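Build the complex from these two chains, which are given one at a time in their own frames, with help from the hints.
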Amino acid sequence: MKSKRTAWGQSAIFCYILILWCVMGVAGSGWAGDLKEVKEKGVVRHLGVPYANFVTGSGDGLDVEMVKLFAEHLGVRYEYVQTTWDDVIPDLSGKKVRPVGDEVEIIGEVPIKGDIAANGLTILPWREKVIDYSEPTFPNQVWLIARADAPLNPIQPSGDVEKDIAAVKAQLKGSEIMGMADTCLDPVLYGLDKTGAVCTSFKGSVNELVPAVINGEATGTIQDVADALLAVEKWPGKVKIIGPVSAMQNMGYGFSKNSPELRAAFNEFFKQCVHDGTYNRIVEKYYPAIFNYYPEFFEVK
Amino acid sequence: MKSLRGMSSTSLNLTAALVNFVLVAYIGFLLFAHYLSQAELQKASLAQLSQDSEKRATAVSYFYSERKNDLRGLEKSRAISIFFENKALGMSMEYGLRASLLGISQAFERLLQEKTLGGDGVYSRVVFVDILGEVLVDCYLDQSELDDISDWQPFLTPAQKDPAILVKDFHGALHVLATIPYFFKGEYAGQILAWIRPQTVYDHLIRVDGSLSRRVVFTIASDGRRLLRREADPSMQFSYLPNFAELETGRIHDIDVKDRTGRRERILVSIVSIEDTPFRLVSLFPSAEVFGTTAPWKLPLSMGVLSLFILGGMAYAWKTNSRNLMLRANLEATAKSKQEVEEKNQQLLKEIAERKRAEAALAESEERYRRFFEEDLSGAFIIDREGNIVACNPAFAEIFGFPSVAAAKQANAKDVYTDLRKRQIFLEMLKAEKKLINHESEYRRIDGTIIHTTENVIGTFDRDGELIEIKGFIVDNTERRRLEGQLRQSQKMEAIGTLAGGIAHDFNNILTAIIGNAEMALYKVPEDDRVRHNLEQVMKAGNRARDLVRQILTFSRQSEHVRKPLNMSLIVKEALKLLRASLPTTIEIRQDIRAESAMVNADPTQIHQVLMNLCANASYAMRAQGGVLKVSLHSVDAHSCPRIRNLELPDGPCVELMVSDTGTGMDPGTMERMFDPFFTTKGPGEGTGMGLAMVHGTVKSHGGAIIVDSEPGKGSSFRLYFPVVRGSAVDEPQANIQLPRGRDLGRILLVDDEDIILTTGQQMLEYLGYEVVIKKSAPEALKAFQLQPDQFSLVITDQTMPKMTGAELAREMLRIRPEMPIILCTGFSEVMDQEMAKSIGIREFVMKPFVFSELADLAKKVLNGDLNDRGQTANS
Chain A
0 MKSKRTAWGQ
10 SAIFCYILIL
20 WCVMGVAGSG
30 WAGDLKEVKE
40 KGVVRHLGVP
50 YANFVTGSGD
60 GLDVEMVKLF
70 AEHLGVRYEY
80 VQTTWDDVIP
90 DLSGKKVRPV
100 GDEVEIIGEV
110 PIKGDIAANG
120 LTILPWREKV
130 IDYSEPTFPN
140 QVWLIARADA
150 PLNPIQPSGD
160 VEKDIAAVKA
170 QLKGSEIMGM
180 ADTCLDPVLY
190 GLDKTGAVCT
200 SFKGSVNELV
210 PAVINGEATG
220 TIQDVADALL
230 AVEKWPGKVK
240 IIGPVSAMQN
250 MGYGFSKNSP
260 ELRAAFNEFF
270 KQCVHDGTYN
280 RIVEKYYPAI
290 FNYYPEFFEV
300 K
Chain B
0 MKSLRGMSST
10 SLNLTAALVN
20 FVLVAYIGFL
30 LFAHYLSQAE
40 LQKASLAQLS
50 QDSEKRATAV
60 SYFYSERKND
70 LRGLEKSRAI
80 SIFFENKALG
90 MSMEYGLRAS
100 LLGISQAFER
110 LLQEKTLGGD
120 GVYSRVVFVD
130 ILGEVLVDCY
140 LDQSELDDIS
150 DWQPFLTPAQ
160 KDPAILVKDF
170 HGALHVLATI
180 PYFFKGEYAG
190 QILAWIRPQT
200 VYDHLIRVDG
210 SLSRRVVFTI
220 ASDGRRLLRR
230 EADPSMQFSY
240 LPNFAELETG
250 RIHDIDVKDR
260 TGRRERILVS
270 IVSIEDTPFR
280 LVSLFPSAEV
290 FGTTAPWKLP
300 LSMGVLSLFI
310 LGGMAYAWKT
320 NSRNLMLRAN
330 LEATAKSKQE
340 VEEKNQQLLK
350 EIAERKRAEA
360 ALAESEERYR
370 RFFEEDLSGA
380 FIIDREGNIV
390 ACNPAFAEIF
400 GFPSVAAAKQ
410 ANAKDVYTDL
420 RKRQIFLEML
430 KAEKKLINHE
440 SEYRRIDGTI
450 IHTTENVIGT
460 FDRDGELIEI
470 KGFIVDNTER
480 RRLEGQLRQS
490 QKMEAIGTLA
500 GGIAHDFNNI
510 LTAIIGNAEM
520 ALYKVPEDDR
530 VRHNLEQVMK
540 AGNRARDLVR
550 QILTFSRQSE
560 HVRKPLNMSL
570 IVKEALKLLR
580 ASLPTTIEIR
590 QDIRAESAMV
600 NADPTQIHQV
610 LMNLCANASY
620 AMRAQGGVLK
630 VSLHSVDAHS
640 CPRIRNLELP
650 DGPCVELMVS
660 DTGTGMDPGT
670 MERMFDPFFT
680 TKGPGEGTGM
690 GLAMVHGTVK
700 SHGGAIIVDS
710 EPGKGSSFRL
720 YFPVVRGSAV
730 DEPQANIQLP
740 RGRDLGRILL
750 VDDEDIILTT
760 GQQMLEYLGY
770 EVVIKKSAPE
780 ALKAFQLQPD
790 QFSLVITDQT
800 MPKMTGAELA
810 REMLRIRPEM
820 PIILCTGFSE
830 VMDQEMAKSI
840 GIREFVMKPF
850 VFSELADLAK
860 KVLNGDLNDR
870 GQTANS
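Heads up: the protein sequence lines correspond to chains A and B, in order. So in numbering that gives the first Met the number 0, spot 270 of the first sequence is number 269, and the numbers just go up one at a time. So in numbering that gives the first Met the number 0, spot 683 of the second sequence is number 682, and the numbers just go up one at a time.
Pulled out of the complex, with its shape left as it was, chain B reads as follows (with noise of 0.2 Å):
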């Protein structure tokens, strides 16, 4: 064993050794390396320096080069050349030739001034020499710098014919020229010469700048005189510098001098010619900048020892921090695990942060379109395939009248469904269309009263397509399409009012020769003969005719009626009086009249006629099974009652006058139309369809309003509102139908545009015992007039006739006569009332057609007034 630990130890110490001659040839031979490379650099870094020396010395030589080229620009400038020709001339100084070198001087001024080298002059002074040697130009930048030269001559070179760089030594000091001969016409005429500032090279040319190398350059003349003054010669640094023009140029010197503080000093001496000019550059090197303080051998010595103590310290360190590295391992894997610890702990407060944030925010948005939901004006809701309301706003409730939003949770949108039918259509709609946009429905508010939605909705389906909910909003349109029942009605009434208008002249002409004829005839044939009844029948038929032509004017509201005050439960009852005999006796007949003494200002007539037709409908809806006929006079207050608060009603009371029946009602197309002229749901023969717009036509005329209920196989009731006045009932006169037969009772003109009532009128006032002279046109009939205004008793014009109006025949007539009685008679007119024709002089004004007996009495009555107002006249 120990002989094995023995083998074992020496192997391992040949293993190290070997290891260890390995590590040493190798650091050795990169020593050796080492050496070599700083030999080549320190070889290379000479080549570097004598390039630079070159580079600058080229750069001097093209600066000096310009210059000369400057001078040849002088050379040939115009200004000189004038001078010349003008001197030529003959011309002196005093008399001209003074004034031609002022432009020798502003050339050399440009000189002096434009030729810079980084912003520093080039040139300090610039002279023209003649051949005499006088200075006729002398241009200068500054005085001081002037050298007082007395004797030019030996700067005349006129053997030269191109530019040269000159040294001069002035007072001991050098100084650079540049000069050229000038030659006028072939002959030699003066000499140009040009100061060059050696300071200006060096700075911008020559000087090192911007390191710290202990480097100069410098340029010398060729007797080796350094250009620069002294002080600033950067040369002066060292002491003991040998004459540069003894050595060779071209080549690096190696010299020694000495420093400033007397210290020995090894220098690097370059010498570089400058090309074309009388100057060499030298450039000094510290030899310790370029090869070092140290020689190359001593570095690898130096360095070989280090690495032995550094191998044997690296063995030494390699087994004492072993354990430290790994205790160190260890602290940075604790460290490690710390930070990654209080990292991830940074991160999840980070993440709590953000999801707070987004709680916030999320909140935030909730409560907007809570809010959003609750606030929106249109009813939101969302209903599940059951009917249960399951989310609503508050004006969901409003709208279907639920006290609460709460309450609307608890109901099912089916109670809200006129007909369930309805829903189910919805939803079919629906299903097939996934989304319904303006839905337009029929609900039923919890309170009873139908009201109209419009509606968007959107259904949510599963993947069976089947319906989970609905959600929308819904829109009460009720009151919309209440107004827009009522434009409706106005625009029909509107348009049967101008259709009655434009029939009502010409139908009342011709039914005012049909009735005025048959009246004729009536009074004419005998009391038993078989002719009379056809008569009669004629008669009939044309009064008929008379109160369609009137009812349809009622209803668009253009026919003339006098409205009083009325009683109107009289004239209610005076109705059910005459209705009680021609109703069927399966028809009880229930009155309920309490508004006793309510007045309302009406034309009596017409509240009979709307009761009378009222009631026909009732009997007619229940012809069949019989059945109770409500007649009902109430007074009520406009504001008291919700159902007529919103009627187009003045304020104060009304009265309201009710008819129901128990028949057959009508459906909602029905009472849609009901209203509507001509529209009848009796069969032919049985109605005009004119009974309904009759009544609407006098009820709006006279201020009031109607609500209609109906409800098919129930009935209907109709409830009339009219305003309530104050005053009394006015009686109504009896008319007198005694027909005033007689003899010569006077001269009347009648005036018409129609032949028939022409023909008609004579026969019917000349049968009464008048002498009627007739006129087909109003000019006519005026100028018949004119000629003799006193031979007529009274004057019939229709009113509406071409060229001019009866109103228009009356007032001309009235101007020749104004006492002269006139009736006016028209079919319908839109332009002229009883009113107006009595602001114009008329004295009656009756509507066609007329019968016979109304005529009679009519024109009775105007002349036995005028005779009345003629004794009346003739007594004051």
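Just chain A, same shape as in the assembly (with noise of 0.2 Å):
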């Protein structure tokens, strides 16, 4: 009975893959922006989401430059298209989806709007199963923030970031952490609700959070640590990083599974970027910090 069932499971798990990249291969075809319809357009479209400094919704932004020196490098027009953290995997992929675990789950289809999503996007494996990423260009963790009052303390390094990580979440237990849900910066994705945390989603825009946090609406938040060296420069005094709640991550800009002539141009022209000193210097001009922290990273090899 037992065999039985864990056969048909089997089989259903192999069905909705088979219907998941059936679905992804043949109902998206045709709508995605690859290379050659990019340039016979004229332009190339950047979904982005006013995040951080990577897009800082005031028309610029780390991704927002190197997307606009990437349109240059083209030879096309440059479209900024907004969307927000729910509708950023749709509108690049033409796909509504609903992640199940590192897993998505198609509820619909949408009309494409982007060729390329860039706003700080973490690589996620849901994600990845709806998007294709380019090379990783910037690096990432997510670290715990707590306002200077909490009763939460940072942790000392210990060397080892499974155990900096242990001793996060053993704060945990009773505060308030808010998160994203369905974002990076949700507290599900590094099991912050199975501590005995208290986890809450913000509603707002993700660059509300950590204010938020200060106005007491919750007793910690988690960022990316971009973001989290942006907040204890911003607010000296007020917040705090406990430490990490994630292993080291990537972000990468996203392409939709239909254009990989265009995904493969990008990383060719982001490699030349990182070569020639370009990409060094806008990371420099948005988050100067990063470069203490992971040197390697940005390393012009």
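Hints were generated in silico from the structure; no laboratory data involved. All of these numbers come straight from a predicted model, not from anything done at the bench. Be careful, since some hints might not be right.
Stated by the list, open to error - Counterexamples of contact, computed for chain A against chain B with all Cβ distances above 12 Å: (1) P49; (2) G56; (3) G58; (4) K67; (5) V75; (6) R76; (7) T83; (8) D85; (9) E104; (10) I105; (11) E134; (12) D192; (13) F268; (14) K270.
As the list claims (entries may be wrong) - Partial selection, computed: residues in chain A whose CB lies under 8 Å from chain B: (15) P150; (16) A166; (17) A211; (18) L228; (19) E232; (20) G236; (21) K239.
As the list claims (entries may be wrong) - For lysine-lysine, the following DSSO-like pairs were computed, each having C-alpha atoms within a straight-line distance of at most 27 Å: (22) A:K237 <-> B:K86; (23) A:K162 <-> B:K114; (24) B:K75 <-> A:K233; (25) A:K237 <-> B:K859; (26) B:K86 <-> A:K233.
The C-beta atom is built at its ideal place from N, Cα and C for all residues, glycine as well.
Structure, rendered in structure tokens:
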């Protein structure tokens, strides 16, 4: 009986994956703007969500400058298409999805609105099911930030990330941790909900998370490293970094799975920018502190 | 004498000795004063050098004071406090705290980059050390300048509060640091250390530039060691320098040293403390540069000896050079004189060149004005008070008909006046006005023709106001005057034509009634009735009035006349026959008819009338004295005769009809108005004033021209020119004046808006034997005709009627009955003539006022023609 159930379950998963790939490979074909179409239309559409200094919302940002340079490199016009964290993946892939662990569930189709998603987009397994990523463009880790007067103490680094994560989680019982569901800042992704902490999802924008914590709406929140560093610089003495809740991650630029040539062209362009120092100059403009933490990532080889 | 000479010589010697003594004393005084001033100068130089050293020390002190302020600024930097605030929260370097150091680094980097002196960086390194002696932030410009410091504890000064300038010895080299302790929330938290570049301080605040002096200035530490590296130390040019730390500050020391060549030398040393720093400023001056190489007393002595030599030399030189001076003075005077002569020559040459240039310019100017004068299209002239033509240009000669300018200069202005009284008037006007603008005159050319001119003249007068000469320009306006005359005549004709057209219609209607009724009455009155004479007078007056209207229309060229090829000689001869009987015997008629076969296209009646009018005027002009009336007819060529060349005649041959008399003639005023309508010189009742107006109108309407010559007391001549045409003469048909009286001759529809015309016409036509139906308007007539178109034999209608014209009525009737005979009558109409009437289908066109016999004949002619046409139509 048990083996029958297992066989049935395996078949179901197989069918699920088969259907998923069919939907992504067939239904989505022809919607995405690959390199040829982008050049024919003469425009590259940048899907962006205002977030930290990746997309500032004021017309600039690390990713905005990079995509503009890429458009210039292709000889096409740059067009910014604002979206939300909920819609950025659907707007790029044409599919409305719901993350289920590291998998996704297709729940509908939507019109494709952009060619590149770039706004500090963390490379997550469930996202990779729906879109393709460029080579990693920015290092990342998710840290826990708390109010200065919160009963959480910054950990002392042990030299082992896993131990440091455990030390952070060990303090969380009873704390209210605010994140954003279905994003890389979802506390569930990092198992914070299993630490005894009360995990809530913030309804505002990512940039408003830390101010919400300072205002007492939660004990703490989780932030990408780059954003956490900006937070302690912006509000010194009001927030403190407790420690990591995730292992090292990377960010990348998202592409439709139907745009392999566009993605390849970007990877080549990005490689060139790193090599000639263009990329580091732009990163230093928006995240100067990041070089102190991940110098090896930005080392020009 | 000898004694006297000896006394004189002794006296002179004493005087010379006295003079020499005074001179030597004076020189000695000068030398002593110079010695004193030299000593004072040396003292002042020392004081100035001391002041300079103190100023440099003050500048260096201020510089280091600024550096302390720099560190105070860093100490208050928000970036450092952020780090310690985050650190106080327990954050670790690995997780966030390290990022806070970035702000401190940025602040330090700004200090390194922004603090400069003359473009050179002030700092070489800035370090933040925590209380454990750990370097948290280390910013530097050049890694090669870094010192390998393993222990930072000696740099920590927790006991101090204020910034300080330190001198540290690293591996034998002195380094200058500015340092300040950092306190976070009152607790000592670290130390800020900033390395200052001594070389920058030396280059921009201490070094002596731009001088030939060997003076050097440098700083030393409290122990006397130099801050600059050995290779950059300016004091290295001296050897055996003492330890400056041992020398007292605030005064100048005079010491012996050796230069690099080993030569001994005295130098002055000034040592000044630099306030608030551990440094002293040392200035080294070679003594010789301040005091010189010679002692002050040596110079006056040398100068004294030298002065004695000079005095002796001067005495000798005075004696020997006095002669040379005189020679030189003479030489200089000669040279000066020579130079003055040369300068005058140069001036002269310059003046000659200037004069030549001026002469050339003058000649060019004169040539330009001469050409302007010669080529001027208007006649330019200068005439003296006697009328002699002093100067004139070709245009002037041409205006007056002189063959050349030279011929004109031979003439006198009085020769060209038509009346010398006019010249006198002209001179009086000029004397009064000084100049005359657009003055119009009349002159006689040398060929006798009169010209009309416009002049601008200005008179030159002497002191007494007497005229010396007249200068001016003259323009021949004869042609313009002639054209203006033609224009005036055309305007007059146009005006009278408009008037004539306006009255002719009504006037002819009235005359039609008068003549018609008178004629009717004459037919009805017996031959022996006394009333008959009265009726004949009415007829006579009516006919004269009719002729007058025709003459008015002829003058204004609005009358209808039939022109045809005509032998002019026959008309002339016929008219002369008629005239002969009417002219008094005191008038002799001479005729010269040569153009026997010349044909012109003319109305014989009008030509006859023209000749009669001209001869009548000639007769009137000779009525008192008698005279000769000449009538001639010649063929002429318009191009061969200069006088008629400019007349408005067509190309080709012409006939000239001339009528001249030897009567009273006309003055210019009369000639100007002679063609004006109603202008007459005759007395009341003797003339209408339309005679010459009719002549003018007739000639113009025939395409001809008139030339009139007249002179009071000598008579007048009228030359009429008509263009000749080819063709043969057409005989004039004789009118049938027999009245066609009968019975039941036909039914006539008579249409006119004038009651008197209707009544008169009805009576006349009924008297002739016609049945007459009268209608007062065209619509009424058309209505009656539409009802019974075949009941009328003839329609006689007026042309000018309200609502509908006679021509329009005729068109409508002919549309109903195309063969209907219609006679159209009109007093005057600009829009209708005989040809136009024929083109509509109207049989006859008759001008009012018509006489009874004409109407009877016309009605009979139309009706007979109609009958004939009908008969032919029936036969065909």
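List of violated hint numbers, smallest to largest: 15, 16, 17, 23, 25
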